[in-house]
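Asks: Sequence:
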Amino acid sequence: MIHCKTRSAMCLTYATSAVNKYLLLISSIIVYLSQ
5 MIHCKTRSAM CLTYATSAVN KYLLLISSII VYLSQ
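Under the working numbering, the letters of the sequence shown match residues 5 to 39, in that order.
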């Protein structure tokens with residue numbers, strides 16, 4: 005496990021990429037439902 009206190013930049017990058025994947029999933033579902 006990577007501790008956020010020691011590797012805050014890496015944790016921030018990981019969190020950002022996780023949020024981006026989540027938003028991409030939501031937007032693709034919305035596009036699928038709106039067709």
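In short, the hints are calculated from the structure, not lab data. Computed from a prediction, not measured in an experiment: that's the story for all the values here. Please note that a few of the clues may not be correct.
With beta-carbon atoms standing in for the labels, derived distance ranges [unchecked claim]:
hint: 1; residue 1: Gln39; residue 2: Arg11; range: 28 to 36 angstroms
hint: 2; residue 1: Cys15; residue 2: Val35; range: 29 to 37 angstroms
hint: 3; residue 1: Gln39; residue 2: Ser12; range: 35 to 43 angstroms
hint: 4; residue 1: Arg11; residue 2: Ser31; range: 38 to 46 angstroms
Don't be surprised by glycine CBs; every beta carbon is placed ideally from N, CA and C.
Asks: That 29 to 37 angstroms hint for Cys15 and Val35 (C-beta), does it hold up?
Replies: 31 angstroms, holds
Asks: Does the Cβ distance between Gln39 and Arg11 fall inside 28 to 36 angstroms?
Replies: Given range 28 to 36 angstroms: violated, Cβ gap about 42 angstroms.
Asks: Looking only at beta-carbon atoms, does the pair Arg11, Ser31 fall within the given range of 38 to 46 angstroms?
Replies: Taking Cβ atoms as reference, Arg11 and Ser31 lie about 30 angstroms apart, which means the hint is violated.
Asks: Has the hinted range 35 to 43 angstroms been met by the Cβ atoms of Gln39 and Ser12?
Replies: 41 angstroms, holds
Consistency note: the structure conflicts with the earlier hints numbered 1, 4.
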